[in-house]
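S.K.: This is what each chain is made of:
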Amino acid sequence: MTTTTPAPAIRPAAPSRPRPHAPESGPWVGRPVDRRDGPTKTTGTATFSAEYQLPDLAHGWLVHAPIARARITAIDDAAARAHPGVLTVLSHLNTPRLKPSPARPSLLDMSTMVGGTRVDYLGTDEVFFDGQPVAVVVAESLEAAQYAASLVQVDYAPLPATIDFAAAAAAGRATPVKQSLGMPTLVGSVGDADAALGRAAHVVDLHFTTPGHNHNALEPHATTAVWDGDRVTVWDATQGIDWFRKHLALRFDVPVESVRVIAPFVGGGFGGKGSVWAGTLLTVLAARVTGRPVRMALSREAVNRVVGGRTPTRQRVALGADADGRLTSVIHEAVLRNSPVGGGPEQVVGASGDLYASPHVRLVTSMVTLDLVPNTFMRAPGESTGSFGLESAVDQLAHDLGVDPLELRLRNEPETSALHHRAFSHRRIRELLHVGAEAFGWADRTPGGRRDGSQLVGHGLALAYHPAWEFPANVTLLLRRDGTALLRCGFQEMGMGTATVQAQVVADALGIPFDAVHVDYGDSDLPIAPNAGGSTQSASIAAAVLRSAAKLRRAVSQLHQRPGESLAQTLTRVGRDVEVSVGSDVGVGAAATSVRFIATTLLNQRRWVRAASGAHFCEVRVDADTGEVRVTRWVGAFDIGTVLNAKTAASQLRGGIVMGLGLALTEETVVDGRTGRIMNAGLAEYHVPTHADVPHIDIHLLDDPDPTMPLGVLGAGEVGITGVGAAIANAVFDATGRRVTDLPLTLDRVAP
Amino acid sequence: MRPVDYVRPLDVAEVLTLVAERPAARFLGGGTNLIDLIRQGVERPDTLVDTTALPLAGIDTALGGGLRIGATTRNSDLADDHLVRTRYPLLAQAVLAGASGQLRNMATVGGNLHQRTRCPYFVDRESPCNKREPGSGCGALEGIGRSTAVLGTSDHCIAVHPSDMAVALTALEAQVELTGPRGTRQVAMGDFHLAPGETPHLETVTQADELVTAVLLPPPSLGVARYRKVRDRASYAFALVSVAALLDVHDGQIRQARLGLGGVATTPWRAHAAELVLVGAAPTDEVFEAAAAAELAPAKSLPDNAFKVQLARRTIVATLRRLRADGSAS
Ligand SMILES: Cc1cc2nc3c(=O)[nH]c(=O)nc-3n(C[C@H](O)[C@H](O)[C@H](O)COP(=O)(O)OP(=O)(O)OC[C@H]3O[C@@H](n4cnc5c(N)ncnc54)[C@H](O)[C@@H]3O)c2cc1C
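Protein sequences appear in the order of chains A and B. In terms of our numbering, the first sequence has 1596 at position 277, counting the first letter as 1, and numbering is strictly consecutive. In terms of our numbering, the second sequence has 430 at position 290, counting the first letter as 1, and numbering is strictly consecutive.
In short, the hints are calculated from the structure, not lab data. For clarity, every value in this text was computed on a predicted model and none was experimentally measured. Treat the hints loosely; a few may be bogus.
To be verified - Cβ pair distances, simulated, as ranges:
#1 A:Thr1362 <-> B:Glu154: 37 to 47 Å
#2 B:Asp190 <-> A:Arg1400: 31 to 41 Å
#3 A:Arg1400 <-> B:Gly275: 26 to 36 Å
#4 B:Asp145 <-> A:Arg1416: 38 to 48 Å
Each residue gets a CB set at the ideal place from its N, CA and C atoms; glycine is no exception.
My request is simple: use the sequences and hints to build the entire structure.
M.R.: Set out below in structure tokens:
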């Protein structure tokens, strides 16, 4: 829908935003309020999953298979068992089997999608990937468990394994993926893109590769579990309290009500804690078998071996354009990988159907199946790598045509989405390009780069784009006669500032000060929150908060509210507290919510394309002798709809860009193609950006509500990382004249 | 981690008695390398002999105008020392280019000299490695090998020596002081580290019953010097190539040149062949190119590390040009 809203006012993100109101009064939404969890975390008083102290706590440690495909032929755990302090060594020889993971995920119960792998851990003698846990040692101390794990001898009979992604893709072993209804775009076609490419006046046809990436959040995956009869309490580093709870109930064959999952604080997730991996399951299992509370915090190496990461990609992006640079054909093909025991496609090609106008589009995704730990969600799965291909190709087209890449993008700005001819709920890419260009000084650069001593300086730009989704959320909201409010919702604080931001929403919705709002979160005993994934959580919870506030207002109005009286004043006068709830967690109510969710999602998808978007502008310096690339300046202009909190929003976007620097320049999961073993399973060799790699990042926010989203929010968690790889590659091209199409942009790829 | 005994002796004599009785003992400096390797099951000592209470920390001027650097001096103290910074800036730069602030605060000079390779096949107990388990084969020869060496390799091992500090010490012609039951001896840096040959598990001349007690620096040489480290990120990454270079140009002629290379060789590499080309010649780009080419002529590369030969050549030339400019400016 093209709206007629006037061009939005541009505000710098943080820290300063006009504050026309006294600090205690609203509106609170939008203000750069400090995160409530900030002092808790910086003073070390926030308790994480591996820090809960329980009497008789035992410690678990994993034994990993060092082989990609095999059958276990023998396990000798005598030495491990004999080590002082060891309680038991669990393996498939002696451990009760878990119930299987759901065979087919269903939209109606999305917790069916939460299993990281389908491996029947400790229930099978089969090994499906190098690093698969094959035994768990439980001991009185962490040290005893660790050492005893090294004493467990496992013999294997190797099975043939397929592990080399490039070889499998080149051998044509990739199978095309089918598009499922309601899911992100993986496949699609309009017109005849190949014929149009053949006729085009200008053609860019490039092949790209991006490597796999591993999750390396600050906090490793960690679980503490304690059983009481058939009831279990699990403290877990999870992005999805409710889905984890349901999955555990299923696997351990107990009613959902018997499982309590607690996760107030999670030390970074990025998708890596969105699925249930071996550590969680095996800790709960070890606690059940030993009858003791058990804690297991994975080592950094174990996180790298048992938790999936981003799929590597091989992409082809072909663009056809007329003499004026208007696109006539967009082809984006991607080969990805999954595993026989899990993983799935990532939306690498999706944005290519939305981002530019073109009468002909063809998008294809195909997969090879490899005997490696399955791939999983990782910040902007697909969009982050696919945007590298698309936005590099667009830059190349601009160069071939001799047109400013900014101008080329303006020329190809669509009225409706190219692939589905759908309306945009809201689209501000022109403004973003202008705002970003202005702040960066794009017009003042020297196209083609310049030399400064031994360094080549170049500038690049790329668009950022991430679809917006919305999930059902449940909350209760209590307003007390003393003017304070309590919001209860079972989300977790993962560093985004969710509790702070939702308190801002409540304060405005009820007309009370921010400090009067308390938020309870981080526990499955609370109303169910959606997963923190897909940049959906803020918008989804805000929608439920708004509905609960409306309900609460109605309830108060029935208490003879007097004209001009605030909600709190009425309650004070009548001496009552009022609590309302939104959403239903159980039974028919929950099923109805699911059905309604599916119906609205499909309907909304048919009506609009909804997405957060952005424009990245960056400067790089390339050492002319060595090819070292250092990024020296960054401006990002973003449209994330309404800005709920200018500070946390800017932090999310900055964090996305920093993670994008890793994707662009250094990060790569190195797998030995002979063995399927990850050879850089640690932070010394898996290179994430250091502070010295991160330039000042200047964030600009349009703060223009999306008319179709709750509170106008589009989600800020992932859009920041999209386009970063291309922006840097384009700047490197500007500086050196070399179009590097393989990530990461290490110096051997860039060097002259 | 394996159970292990821990002792923290107060003097060197006590250390020598201890290690004479316990051949599987290991010295513990800052532990930044050794503890990781024990955790990974690569090193399996039965005793850790902590060196940090020994009276070996500190930096003093030595007779004849050099410096004596005690073996337990922390890397951060070394880089921060006024004498080192003013008289041997090459060394201070090299130390600061290594690891991270936190690691340098812990790491000792003795530990840095003995730090082990970061070759992924060496640190992974599940992979074959002749250095870790003599005779088990080399995983890197046909494996992934972006980090591996192109100089000083053998059919048994192509692992890179990872130290930055040691490369600078090599170029500075430092001596390593070793103390053992037979007394004290000095070994030139150039002889201290051993090429892998058929015995890649032997890395230095230090014997099991010997301890490094100091590093001795000769008086500073004339000329200008610089440490240039090329790496995958701006900080906290090992060198892909590093060059420790010293150049003394007089009347249009190179009077002295010293060149150490890191990241490309199995030991901290002294580029003698390049120095031979440089000394006595005019400091021209062509001479620099010829020097680099002479040093790298014997380089043996694999597909993954072939880029290092070009990278080393270009970094040597660029560093020498930079020194030429520095020299004419001063
Ligand atoms: C993540 C990471 C990144 C790093 N990056 C770099 C880098 O970029 N550049 C670089 O140069 N280094 C780097 N390092 C390595 C670091 O410099 C070394 O770990 C450190 O110098 C070792 O010193 P230490 O005192 O901690 O040694 P320890 O770990 O205590 O000991 C190392 C070895 O030295 C032996 N040893 C110790 N003292 C003596 C002695 N007096 N006599 C005889 N033997 C002795 C020990 O027995 C052991 O075998 C990095 C390390 C890490 C963990």
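S.K.: Does each hint fit the structure? Answer for all of them.
M.R.: Each hint, compared with the structure:
no.: 1; hint: A:Thr1362 <-> B:Glu154: 37 to 47 Å; verdict: holds (43 Å)
no.: 2; hint: B:Asp190 <-> A:Arg1400: 31 to 41 Å; verdict: holds (32 Å)
no.: 3; hint: A:Arg1400 <-> B:Gly275: 26 to 36 Å; verdict: holds (31 Å)
no.: 4; hint: B:Asp145 <-> A:Arg1416: 38 to 48 Å; verdict: holds (42 Å)
Against the hints set out earlier in the document, no violation occurs for any number.
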